[in-house]
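Visitor: Here the protein sequences come in this chain order: A and B. The first sequence finishes on residue 350 if you use numbering that gives the first Met the number 0, and the numbering steps up by one all the way, no holes. The second sequence finishes on residue 326 if you use numbering that gives the first Met the number 0, and the numbering steps up by one all the way, no holes.
None of these hints come from the bench; they were simulated from the model. Heads up, none of these hints are tricks.
Derived SDA-like pairs (lysine to any residue); straight-line CA-CA distance at most 25 Å: (1) LYS304(B) x SER335(A); (2) LYS304(B) x VAL318(B); (3) LYS304(B) x TRP266(A); (4) LYS304(B) x TRP123(A); (5) LYS208(A) x GLY65(B); (6) LYS46(B) x HIS201(A); (7) LYS304(B) x ASP51(A); (8) LYS304(B) x LEU338(A).
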Amino acid sequence: MPDDFFNQLSDPANFQHPVNVTGQDKNLLFNQLESMLHIREAESCLATGKRDGFIGGPVHLGVGQEAVAVGVAGSLRKSDKVFGAHRSHSHVLAMGADVYRLFAEVLGKETGLSRGMGGSMHLWDKPNGFYGAVPIVSGTVSLAVGAGLAAKLQGSKDIGVSFLGDGAVEEGVVHESLNLARILNAPVLFVVENNLFASHMHISLRQPKASTARFAAANDLPYEIVDGNDAVAVHKAAAKLIANIREGRGPAFIEAITYRWYGHVDWREDIDVGVNRSSGDVSAWRKRDPIRRLADGMIQAGLCNDTFISELKSRTQQTISNAWQRALADPYPSSSALLTRVYASTGENRG
Amino acid sequence: MDNKYNYGTAMLAAFEYLLANYPEVFVIGQGLWSPWYVGNSMTNLEKKFGTARVIDTPVSESACTGAAVGAALAGMKPIVVHPRIDFMLYAMDAIVNQAAKWSHMFGGQASPAVTIRGIINRGGEQGAQHSQALQAWFAHIPGLRVVMPATVADARDLLISSVLSPDPVLFIDDRWLYDLEDTLPPIVEHNLALARPQCLQAGHDLTIVASGYSTRLALNAGQKLTGQGISAEIIDLRVLNPFYPELIVESVERTKHLLVIDGGWRTCGVAGEVIASVVERVSTSCFKKPPIRITLPDAPAPTSKVLENAYYPTVDLIVNCVNKLMH
Ligand SMILES: Cc1ncc(C[n+]2csc(CCOP(=O)(O)OP(=O)(O)O)c2C)c(N)n1
Ligand SMILES: [Mg+2]
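Only chain B is shown next, with the shape it has when bound in the complex (with noise of 0.2 Å):
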């Protein structure tokens, strides 16, 4: 067996494993009979697994979302796949108002244990209506799993563990990650409970704080910031919602300071809501300097490739701010 991966081969063997080992597991969404809506992330899995659990769709987000909780709270295990965010949108009731509630609602007796993927498919001057990064909307709401894996391991080994969670899972994977590449190991299942922040690369100059591709271009500065004498620190937060912190305070009063890095917009993020929670928990004498966040600009992608370019965050940006934070 080619224990080679890459981020979207990755979730793939995922895919395959739930639905080879899990009669309960099916998944439903659009372009899943098509080679060319989500990469090579689901690759042939019709084929292997049959169109009875493999459902390609009508373009009705709304109604496959309600169809995948019912199907969850009747004892199923489903995977909505959504190959953008912004489609997902229609399906925000059965989101936000059922999947989220009904645990909490129904005094803890309901599991509407769905796995929503939301995919993160951004450039190319797709703009304002393609897209979308909306983690920290969803991770506003109590009751959802919001997942956001950086690595190949948690690209399979997260979308395994958000597929077995009796809770709703809000999984979001990201096209600027596919490529990545990784060996990993046999698969072992995990309790999505106790997933937590994981520390990426050890550092005692500053902690940068980051998930999904965010945390990609964390690691690329890192590097960078490493030739330059600068040691970071850099937790990728893995989970979103609900959200511990207690591995980021401690790297926090060890460093001093905090960048954090989000792919979504500024205004109620969810780099705010990081650095709020370390500030909450450490001493007012702990920063050296306020800490800083990286994120998109508050306004839509554009299209045209010049406002692109000046749009989204770079390696050479989380450079640059390290430098003014250090010196």
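One chain only, chain A, in its complex shape (with noise of 0.2 Å):
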């Protein structure tokens, strides 16, 4: 049963209807949509300054997957502590983080939310509960058990969440981390993020089942396999799960089927997209916008209309477009910065 919605949700064509929202909280939906919005003009405006040469490093861009975040951060804290991967922009702003201090961050400079050390791909924001995004494949997964791990030796009711893709479970960390999560009891939340590709990879050319909810059976994980563009879907799923684990009764697991827009690395759609990629496919997969069906779920409902939502955008893109002239115009980081922070103790260097 689970691989039979799996299976009509990897096919574009369907699932493009309107979020249903009934019975939904509206400040939620609110925030869910202006959430959203704001990560897609991130990323929009990061995919212009990339293209236009503003920024030197790489940039993976989630743009068509806000609703992952957008809809598991709506039931997390500040303290709880989230990991991500080299495709974190998303998780990042959702938990909360100042899209000026992004910006500056992928622009290399001191204001940085890295403190321009770590660029697009080394992500941190503890305030928020972010406790870092790194691009080694799966190389936060088993941190983020240790993280829940500490939270229940500390007696609170925090969890640990690691956001994960589907490449990253092909990696032998993250089944080591189910198995010990679960054995352990550890509060942690696991999120796939299946958008169907590892950089060029169709998943059928690197796992014999596409959905990767398997291995949360195999470790005795409860899990729900979602819509990941639609936030509502996402929203109910992971506030039962994280409701659960808060209560003491070990780790789960989601998975949630989205698709990228961009290629693998930076603003184009035409590059790195991959093996069995075609246009046709992404603009199949433009029509699950999960904001636009946000939004007309929202319009059916009654609950706004389009001028409504033409004024947040814009709105929008006026808050994105400040925060990145900001970001511009900050200071690079000083070349002492090279060897006064590679030990937190003391800054100490011997050159």
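Mind docking these for me? Both chains are given alone in their own frames, and the hints should help you get the complex.
Guide: This is the structure we're talking about:
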């Protein structure tokens, strides 16, 4: 049965309908819409900034996948510990990071989230519960288990959260982490964003079955397979699983099926998009736009109208553009930063 | 037949030669069916030799490397490709505990003839986990041959020697060298066990030792130094383990000055090893000045361009150090 649902979800011809918002909290819906738009506009700005040569390093954009981060973050606290990977702008922004500081980081500025030492692929925002994103695939999955374990040992009800991709589950450490989390009953939520690709390779070339939730079942973790382009569906699944984790019932797993609109890295759609990915696929998936679908659902439910949506969009664009201009003007780290940040304790270095 | 190559197409020629002539050779690693991962060094191999022998993989460095070691034990000559050495760290057990140990541990009877290609791919604000040059770590491991081609000829010929060697070999190539051009003679197979450091420029004022991309820096610095009337002898290490210092010792005995450049970190690095190996072999009065090493500072790679510029050694830095050494 889960396989049937997965198969329906992985065909972009399905699930293009407006999100069903019945019974959902109104504030939550508006927050979700705003947050997704904010992330979309931020990443669109980064795409342009990369295209125009303002950004030196690689930028992995998650445009099209916003509902996953936003849907999960709605049930998280600032005291939770969230970990990500190379495609984590959405995760850190959904947790409440200042987009200006994200931009400054991507530009390598001293005012950035990682003080200009990390760029787009290495993000840190502890005050908002974001404990690190790094580009070694699955490099933070076991760390999230440890952060959950720490919360348990400290007697808090906080949880660890690991955002990972469908490619990441091919690394052995993910399976060790699922087993370890379960046997320790560590409070951790694994969120697999299954966008069907790991760089150029479609999942059918990498895994015998496309649904990664089978690994949750194998390790006895409760799991939900959800439409990753439906913020409400993601929210419902996350809220339920996270409540259980906080009650001490151990780790859980979400598989959210989604799709990235850009290529694996940087701003183009037609590069590194992969074996098996046609422009037809991309335009089909664009019809499952998580933002359009939530907006339509809210309009149908009489919560807002088209004018509201377009005003929200232009307000968001203004915020984003101000943040970008401000970050552009910021200073780079001084060259002493190269050596004084190697050890946290003393700032010592030996050249 | 066009005999003009660059460092990348020279490796491509080696792959083509090996796949065409040795049915037991196969290639496995991430990105092999993608034109974006490994520059121009493996273009269209899967179309020429088939996806059964040129295998793109799941994101599973550990299993792929271990599987290659196992296939080698069973008579194949696999080449595992890691598009960045940083990603290869998931495969440490297969490389260090398994491949490097099996010959000795089983009385010389096991021959894990695997070639592991780890690419150094740094710069471009990629940062700490996409930039590492870890040759020193691996050169520390007895049983693992470590090869670092600096020239177009070695990119082709040492790759062939590595794959034909009955021993496990880590072959480290560097994306900053891929545009280097040269004209090459037809392929001749060489025994990797006989490969030694090589003098790329004769000179009499000082000896500069380097490997991989650092050798290119040394050669470029050598040209500038010639213009300043300083004659540098430049020796390229080629094979870091096992390490044969004889040629370097002989050179330093003549020049009385030694500068070593390595693209890795300073502490416990290749440069320190080269200097120690020379110092313990020459007379105490040999050196006119203490030897100098140029390495990365002991810090992870930064991202910000301004910091990257301060991080990586340059030709000018080398020229300045030589001037200090000589005056
Ligand atoms: C250990 C390691 N291996 C390989 C890579 C290269 N790489 C970067 S992203 C990526 C694909 C990851 O796919 P997935 O986990 O599905 O995330 P997505 O890119 O789809 O968001 C790969 C193979 C890496 N960064 N780290
Ligand atoms: Mg993916």
